[in-house]
Structures are given as C-alpha cells and as structure tokens.
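A.B. asks: Next come the chains, spelled out residue by residue.
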Amino acid sequence: MGKQLLLVDDEPGILKIMGISLADRGYGVLTAENGEEALRIFHDARPDLVLTDIKMPGMDGIELLKRIKQESPDTEVIMITGHGDMELAIQSLKHEASDFITKPIRDDVLDIALRRALVRLSYKKQLKEYRENLERLVEEKTRKLVEAERLAAVGRTVAGLAHAIKNITSGLTGGMYVLEKGLELDNKSYLKEGWQMIRGNAEKVKRLAVDLLNYAKEREPEYQMLDPNVPAREVFELMVSRAGELGVSLKSDLAQDLPKAWFDPEGIHRVLLNLVTNAIDACTDLSCTPRIWEVAIRTSKPQGWAVEYEVSDNGCGMEEETKRKVFQTFFSTKGSKGTGLGLMIAKKIVDEHGGVISLFSDKEKGTTFTVRLPGKGP
Amino acid sequence: MAKKVLVVDDELDMRIFVTTLLETNGFKPLAAQDGIQGLEMARKSKPSLIILDVMMPQESGISMYRELKSDPLLKDIPVIMLSALSKKTFFHSQRVLDEHRGEKIPEPAAYIEKPPEPDELLEAIRKSIK
Numbered sequence: 001m002g003k004q005l006l007l008v009d010d011e012p013g014i015l016k017i018m019g020i021s022l023a024d025r026g027y028g029v030l031t032a033e034n035g036e037e038a039l040r041i042f043h044d045a046r047p048d049l050v051l052t053d054i055k056m057p058g059m060d061g062i063e064l065l066k067r068i069k070q071e072s073p074d075t076e077v078i079m080i081t082g083h084g085d086m087e088l089a090i091q092s093l094k095h096e097a098s099d100f101i102t103k104p105i106r107d108d109v110l111d112i113a114l115r116r117a118l119v120r121l122s123y124k125k126q127l128k129e130y131r132e133n134l135e136r137l138v139e140e141k142t143r144k145l146v147e148a149e150r151l152a153a154v155g156r157t158v159a160g161l162a163h164a165i166k167n168i169t170s171g172l173t174g175g176m177y178v179l180e181k182g183l184e185l186d187n188k189s190y191l192k193e194g195w196q197m198i199r200g201n202a203e204k205v206k207r208l209a210v211d212l213l214n215y216a217k218e219r220e221p222e223y224q225m226l227d228p229n230v231p232a233r234e235v236f237e238l239m240v241s242r243a244g245e246l247g248v249s250l251k252s253d254l255a256q257d258l259p260k261a262w263f264d265p266e267g268i269h270r271v272l273l274n275l276v277t278n279a280i281d282a283c284t285d286l287s288c289t290p291r292i293w294e295v296a297i298r299t300s301k302p303q304g305w306a307v308e309y310e311v312s313d314n315g316c317g318m319e320e321e322t323k324r325k326v327f328q329t330f331f332s333t334k335g336s337k338g339t340g341l342g343l344m345i346a347k348k349i350v351d352e353h354g355g356v357i358s359l360f361s362d363k364e365k366g367t368t369f370t371v372r373l374p375g376k377g378p
Numbered sequence: 379m380a381k382k383v384l385v386v387d388d389e390l391d392m393r394i395f396v397t398t399l400l401e402t403n404g405f406k407p408l409a410a411q412d413g414i415q416g417l418e419m420a421r422k423s424k425p426s427l428i429i430l431d432v433m434m435p436q437e438s439g440i441s442m443y444r445e446l447k448s449d450p451l452l453k454d455i456p457v458i459m460l461s462a463l464s465k466k467t468f469f470h471s472q473r474v475l476d477e478h479r480g481e482k483i484p485e486p487a488a489y490i491e492k493p494p495e496p497d498e499l500l501e502a503i504r505k506s507i508k
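Heads up: the sequence lines are chains A and B, in that order.
For the first sequence, position 77 (counting from the first letter as 1) is numbered 77 according to the numbering used here, and the numbering increases by one without interruption.
For the second sequence, position 40 (counting from the first letter as 1) is numbered 418 according to the numbering used here, and the numbering increases by one without interruption.
Hints may contain errors.
[To be verified] DSSO-like, lysine-lysine: derived pairs with alpha carbons at most 27 Å apart:
| # | chain 1 | residue 1 | chain 2 | residue 2 |
| --- | --- | --- | --- | --- |
| 1 | A | 192 | A | 206 |
| 2 | B | 505 | B | 482 |
| 3 | A | 206 | A | 55 |
| 4 | A | 128 | A | 144 |
| 5 | A | 128 | A | 3 |
| 6 | A | 66 | A | 166 |
| 7 | B | 465 | A | 192 |
| 8 | A | 188 | B | 406 |
| 9 | B | 382 | B | 465 |
| 10 | A | 166 | B | 505 |
| 11 | B | 447 | B | 406 |
| 12 | A | 260 | A | 325 |
| 13 | B | 381 | B | 424 |
| 14 | B | 381 | A | 192 |
| 15 | A | 55 | A | 94 |
| 16 | A | 94 | A | 69 |
| 17 | B | 381 | A | 188 |
| 18 | B | 406 | B | 382 |
| 19 | B | 466 | A | 325 |
| 20 | A | 125 | A | 166 |
| 21 | A | 128 | A | 55 |
| 22 | A | 166 | B | 466 |
| 23 | A | 188 | B | 505 |
| 24 | A | 363 | A | 323 |
| 25 | A | 348 | A | 325 |
| 26 | A | 166 | B | 453 |
| 27 | A | 301 | A | 260 |
| 28 | B | 447 | B | 482 |
| 29 | A | 325 | A | 347 |
| 30 | A | 103 | A | 3 |
| 31 | A | 192 | B | 406 |
| 32 | B | 382 | B | 422 |
| 33 | A | 325 | B | 465 |
[What the hints assert, rightly or not] Chain B is nowhere near these chain A residues, computed Cβ spacing over 12 Å in every case:
| # | residue |
| --- | --- |
| 34 | 18 |
| 35 | 39 |
| 36 | 146 |
| 37 | 223 |
| 38 | 320 |
Hint data in this document are derived by calculation from the structure and do not stem from the laboratory.
Everything numeric in this text was worked out from a predicted model, so none of it was measured.
Where is the CB? At the ideal position from N, CA and C, for every residue including glycine.
Pulled out of the complex, with its shape left as it was, chain A reads as follows (with noise of 0.2 Å):
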C-alpha cells in the first residue's frame, strides 16, 4: 500500500475531488473538515504526509502546521494557499511546512510537491536509521571498553599480588640459606641473621593476608549518629606512643562542638589509622633528610560538609609520580614493607560514605592527606 495522507479543506468539494485524486495515484487519503478534526485523524492514525489548505474557519492551516511540526516534526505538510495568499504561505514556511501549492490546484504541480515531499521523508528515514546504527554501535564499543579495562584491573591487581608475593618469597628463600649455612657452619651471625629474615618475612605474609581480607571483606558499614572527633581521638591515643619511640611527635588539633554526623564509626577508624601510620613512615624514611618530624590530626567543619579529618606530615613528600598511584591497587613506596592496599581500603571505606578523599604533597613540606564526609552516609 502506498504512503498514508492526511487531506485537510473546509470546502467538501474539493476535499472529494483531490480525495478521488490522490486515490488514483496510490495514496491512502484520509480527510477531514477543519483542523479540530484533522487533528484527532492524525493523532490516530499519523500520517506520513498532511496537504491542508490554509484558510479554513476555527483552527486554520498555520495553526494545525504548528501543532502537527510539535508533535511530529518528521511529518511532511504541504500547504494549499489561495492565489493572493502569498504572505501567509511564505509564514507557513517558517514554520516549517515543506511546500506549498497554490489553488487552483494543477495536477503536475500537486505531483512535483508530491514527489519532494517523498523524498524528504525517506532521507529522514533513512538518516534516522544511521542514527540509530550509531548510536548502537557506540553503546556496543563502550560495552567492550568498559569490559576491557575491568579485565585489565584484574590483571594488574593479579600481577601486583604475584610481584609482594614473590618479593616475600625471595626473603623466605634467602633467609632459609643464611640460616642453613649457620647451623653447617656453626656460625652464630649466620643463625640470627637467618632466622630474623624468616620472622620478618613470616610477619609480612601475615600483614599482606590481613590486608586482603581486610580488602575483600564486604562488610556492611554500621552507620552510627556520632562525634566525628571520636575515631580521630581513638586513633591519636593508640598511636602517639608509637610515634614518640620512632622520634616522631603525634598531634592532635580537634575542632570543639562540631555537630554528630552519621558515619561508620569503625571504618573512619581505619582510614584515619592508616593515614597516620603512612604520615609517620613517610617521617622515619631513610631517604628523607632529617628534622623535628611532625605529624599532625585535625578535625574542622567545612562547608557543605558533615567533617574533614586532615593529616598532614612534614616527612619528604611524594614524586608526582606517586601522588597519581597512591589509591590503586598493590602500588607501594615502602618496599617489601608495604602490601600496596592501605590506601586503596581508605579510599573504598570514603568513597561508602560518599565523601572524598584527597592528598596535598610537597616534596619540602610533606604531605596532608583530607577526608571530608557528607555525615548523611552514601
């Protein structure tokens, strides 16, 4: 069946004649009286093409262009204009109509319009189709891409593992040698020096599977109503000794009154300890040029924010590097002393939280690390 067509005159007259007409040359005409009408046909059975004269009492031709082009824009309107009706035509036009023909209306002319109106839509069509490909096609390409890089995530997390495992391996392996060649030898330097390699390799498979479970546990963040000072103060007791054996002096600077928010008490306690534990290594690193090392906890109540934690160190600081790596998976500065996840599981606990953590380094003054949390969990 040929294309369906929406014709639309006051006069019962020609809408007969053309009726018969357009018949004749294939099309399904549907007609209607006045715009009112035309409407309701087109909202029923959308026609690919509407011809409807312009001046008609009520809803005129303008008007049903209008509201026709609104709903549908892809719909083809030719507009039938009396002879001395040219500025109305050219206004028809503006508003989009594809063409319009004058009355009396001449058959080749009527067909020529036709044929343009024809063409018109089956470009639109087709175009609407590539559109479709793209889009398509751009959906499937973001699909494999996003694949790729989560097969690429585990294969470096896998790579990372196998490199702190073989680094381990290398200290149990030596440490065995030194220590054989002791008891062969007798030798009591041989026996300690043996024996301490294989303790403190032991430890660190120890602190890697700790850290892993640590990572894979899912579990569920007990959120609390709560002082945010409460972890920072935890943290600070349960460390500050520990700093002061290792020449380091821990600080505390906590913001008086700031209001409860809602967070998981246990695992802010976690991302704060690791950033201080981190704060003093960077301090007692060898490579970094003796001072009076400083490691400070602050709390404050920024705004738009429930609290932001801040430790900072005045330790050496971090390459440019570094301060890109330090929230992926196994990336670690401290050797075979770090497992490379501590900073990743702080990052994972923030971002439960829907807040944000980020890092100010400078290799003079050292590094802050801010935790901001929004207190009405994720």
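We have chain A already, so just place chain B on it with the hints.
C.D. replies: Showing chain B alone in chain A's frame:
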C-alpha cells in the same frame, strides 16, 4: 686472595642473603644499597663481579648498569642482574634505551629473576667470574 664481589640491592634481606652466599663460597662480598653508592664502591674497590638489582629508589639498576658499561675503567667487570622484573621486560627496556640514545650497551653476563635459587645464582657467579 678471595675475589671481591659487589652486591647492589635496596632490600636488606637480599643483601644479607647474597653476601652470605658469597662469603660461604670463598668470595669477599661488598654491599651497597643504591646505584649511587654502588658506582662509588665499584670505582674505589674494582670488584671482580657486580650483582645488581634493577628496581631501586634513587639511582635504578638500569641506569647504574649503563653507566658501568660506558665507563672505560669499569666496563669489563661482569655484571649479573638480579631482579623481580622478568627477563623479557629488562631486555626490552635495554633495546628501547639503546635505540633512543643511539648506543649499543652489551648484555649482562647473566640475568636471574627473583627469587633466586642459591645454586643457580652460585653457578652464574662462578661462570661470570672465571
């Protein structure tokens, strides 16, 4: 007299292991913990062999190796690379650097991946030193 072997590694465990291995097999080990210290000791004590880690902070083993091989006084000392880095990755990095700088640095006497087996390392040491 026992031959001097310089061990350059940033990890204490590795230094203890390799120096013990050397000491108990009739060599005289020297140890350095980074490339800068390593080069200094190599110049001062002219060892018969250098065992070098690749990934170290400060000056890496890769640049120390290239400096050794470009120094007329040191370039004939054999070097064993000992690293957690895979052999393939290391040799690839050398090719890239060669091309980039238009040099041709000879390959190390041996390349051993960590963790090293004591026998394997010892054999490589004996072969390289001859």
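A.B. asks: Taking the hints in turn, state whether each one holds.
C.D. replies: Hint check:
Taking the CA atoms of residue 192(A) and residue 206(A), the gap is near 21 Å; set against the 27 Å cutoff, the hint holds. A distance of roughly 24 Å separates the Cα atoms of residue 505(B) and residue 482(B); the hinted pair therefore holds under the 27 Å criterion. Between the alpha carbons of residue 206(A) and residue 55(A) the distance comes to roughly 89 Å, so the proposed pair goes past 27 Å and is violated. Between residue 128(A) and residue 144(A) the CA atoms are separated by roughly 24 Å; this keeps the pair inside 27 Å, and the hint holds.
Only pairs whose Cα atoms come within 27 Å are accepted, and residue 128(A) paired with residue 3(A) is accepted, the gap being roughly 18 Å. Of the pairs offered as hints, the one joining residue 66(A) and residue 166(A) is violated, with about 73 Å between alpha carbons and a cut-off of 27 Å exceeded. A C-alpha spacing of about 33 Å is found between residue 465(B) and residue 192(A), which places the hinted pair above 27 Å, so the restraint is violated. Between the alpha carbons of residue 188(A) and residue 406(B) the distance comes to roughly 19 Å, so the proposed pair stays at or under 27 Å and holds.
Taking the CA atoms of residue 382(B) and residue 465(B), the gap is near 26 Å; set against the 27 Å cutoff, the hint holds. Taking the CA atoms of residue 166(A) and residue 505(B), the gap is near 26 Å; set against the 27 Å cutoff, the hint holds. Simply put, residue 447(B) and residue 406(B) have alpha-carbon atoms about 23 Å apart, close enough for the 27 Å limit, and the pair holds. A C-alpha spacing of about 33 Å is found between residue 260(A) and residue 325(A), which places the hinted pair above 27 Å, so the restraint is violated.
For the proposed pair residue 381(B) and residue 424(B), the alpha carbon gap of about 10 Å is at most 27 Å, so the pair holds. A hinted pair counts as satisfied when its Cα atoms are at most 27 Å apart, and residue 381(B) with residue 192(A) qualifies at roughly 26 Å. As the CA atoms of residue 55(A) and residue 94(A) are separated by approximately 17 Å, the hinted pair is consistent with the 27 Å bound. A threshold of 27 Å between alpha carbons decides the hint, and for residue 94(A) with residue 69(A) the separation of about 12 Å falls inside it, so the pair holds.
At most 27 Å may separate the alpha-carbon atoms for a hinted pair to count; residue 381(B) and residue 188(A) meet this at roughly 24 Å. Of the pairs offered as hints, the one joining residue 406(B) and residue 382(B) holds, with about 5 Å between alpha carbons and a cut-off of 27 Å not exceeded. Between residue 466(B) and residue 325(A) the CA atoms are separated by roughly 24 Å; this keeps the pair inside 27 Å, and the hint holds. About 61 Å separates the Cα atoms of residue 125(A) and residue 166(A), which puts this hinted pair outside 27 Å; it is violated.
For the hint pairing residue 128(A) with residue 55(A), the CA-to-CA distance comes to about 33 Å; that exceeds 27 Å, so the pair is violated. About 17 Å separates the Cα atoms of residue 166(A) and residue 466(B), which keeps this hinted pair within 27 Å; it holds. For the hint linking residue 188(A) to residue 505(B), the alpha-carbon distance of about 30 Å lies beyond 27 Å, and the restraint is violated. A C-alpha spacing of about 11 Å is found between residue 363(A) and residue 323(A), which places the hinted pair at or below 27 Å, so the restraint holds.
Distance hint between residue 348(A) and residue 325(A) is fulfilled; the C-alpha atoms sit about 15 Å from each other, no more than 27 Å. Distance hint between residue 166(A) and residue 453(B) is unfulfilled; the C-alpha atoms sit about 31 Å from each other, more than 27 Å. Straight-line distance between C-alpha atoms of residue 301(A) and residue 260(A) comes to about 11 Å, which keeps the hinted pair within the 27 Å bound. About 10 Å separates the Cα atoms of residue 447(B) and residue 482(B), which keeps this hinted pair within 27 Å; it holds.
Under the criterion of a C-alpha separation no larger than 27 Å, the hint pairing residue 325(A) with residue 347(A) is consistent with the structure, at around 12 Å. For the hint pairing residue 103(A) with residue 3(A), the CA-to-CA distance comes to about 23 Å; that is within 27 Å, so the pair holds. Using a Cα cut-off of 27 Å, the hinted pair residue 192(A) and residue 406(B) holds, with the two alpha carbons roughly 20 Å apart. Restraint check: the Cα-Cα separation between residue 382(B) and residue 422(B) comes to about 12 Å, which is no more than 27 Å; the hinted pair holds.
With a C-alpha separation of about 25 Å, the suggested pairing of residue 325(A) with residue 465(B) holds against the 27 Å cut-off. With a cut of 12 Å on Cβ distances, residue 18(A) stays outside the contact zone with chain B, its closest approach being about 78 Å. The claim that residue 39(A) is not at the interface with chain B holds, since no C-beta of that chain comes within 12 Å of its own (minimum 72 Å). Against the 12 Å criterion, residue 146(A) stays outside the reach of chain B, whose nearest CB is about 28 Å from its own CB.
Separation of residue 223(A) from chain B is adequate, the least Cβ-Cβ distance of about 41 Å exceeding the 12 Å criterion. Distance to chain B confirms residue 320(A) as a non-interface residue, since its nearest Cβ pair spans about 15 Å, more than 12 Å.
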